[in-house]
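**Q** Numbering that gives the first Met the number 0 puts the first residue of the sequence shown at 0, with every later residue one more than the last.
Worth flagging that the hints you see were computed from the coordinates, not collected in a lab.
Computed from a prediction, not measured in an experiment: that's the story for all the values here.
Be careful, since some hints might not be right.
Have a look at the derived ranges for each label pair, beta carbon to beta carbon [what the hints assert, rightly or not]:
(1) Leu25 - Glu122: 42 to 50 angstroms
(2) Asp82 - Val61: 30 to 38 angstroms
(3) Asp83 - Asp108: 39 to 47 angstroms
(4) Arg50 - Ala133: 31 to 39 angstroms
(5) Leu24 - Ile60: 20 to 28 angstroms
(6) Ala26 - Asp82: 42 to 50 angstroms
Ideal Cβ positions, reconstructed from N, Cα and C, are used throughout, including at glycine.
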Amino acid sequence: MTSTTPRVWLSPQAHHRLRNELTTLLAPARGDDESVVPDFASRRDREARIRQINALLTNAIVGEDPPDDGVAEPGMVLTVRFDDTGETETFLLGVHGAEHGTIEVYSPDSPLGAAVNGARQGEQHTYRTPSGTAVRVTLLNAVPYGRAREALPAGE
Numbered sequence: 000m001t002s003t004t005p006r007v008w009l010s011p012q013a014h015h016r017l018r019n020e021l022t023t024l025l026a027p028a029r030g031d032d033e034s035v036v037p038d039f040a041s042r043r044d045r046e047a048r049i050r051q052i053n054a055l056l057t058n059a060i061v062g063e064d065p066p067d068d069g070v071a072e073p074g075m076v077l078t079v080r081f082d083d084t085g086e087t088e089t090f091l092l093g094v095h096g097a098e099h100g101t102i103e104v105y106s107p108d109s110p111l112g113a114a115v116n117g118a119r120q121g122e123q124h125t126y127r128t129p130s131g132t133a134v135r136v137t138l139l140n141a142v143p144y145g146r147a148r149e150a151l152p153a154g155e
């Protein structure tokens, strides 16, 4: 049987944080002590997060940088220019919920992430914000996270 669940890229640091979070979330499950998980909604939220982390870890590609070919894809640190304002933003194209330090993370499924995923340096793409506004961006740079991380401030 083949899986249709997409693989997700995680940095080694994000993978470690998720494993630690999962361990912490599973620890009080011995009896769901009322002092640890006081109500049903909290237990339900905890169980949902456990499922989310398990899915991320099960489908993770850990620390394996994508090719350094200038193509935007998960695991790349991207710099885009918002063409209407000229402002630039640098972010990791990756998975929300994995937290990759202090660098901003955009999911490949987000409007901006979907617009630039697969783009090459210099290409312009347009996406719509949730309010319906069309935004045009140009991909300025795409560097594998492992290489970009060396240039980021400590903690990212």
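**Q** Against each hint, give a clear statement of whether it holds in the structure.
**A** Hint by hint, here is what the structure shows:
Taking the beta carbon of each, leucine 25 and glutamate 122 are about 44 angstroms apart, inside 42 to 50 angstroms as hinted. Range check, aspartate 82 to valine 61: about 35 angstroms between beta-carbon atoms, so the 30 to 38 angstroms window is met. For the pair aspartate 83 and aspartate 108, the beta carbons lie near 23 angstroms from each other, so the given range of 39 to 47 angstroms is not met. Between arginine 50 and alanine 133 the CB atoms are about 35 angstroms apart, so this pair conforms to the stated range of 31 to 39 angstroms.
A C-beta distance of roughly 23 angstroms is found between leucine 24 and isoleucine 60, which places it inside the suggested range of 20 to 28 angstroms. Taken as a hint, the range 42 to 50 angstroms holds for the pair alanine 26 and aspartate 82, whose Cβ atoms sit roughly 49 angstroms apart.
In this structure, the one hint that does not hold is number 3.
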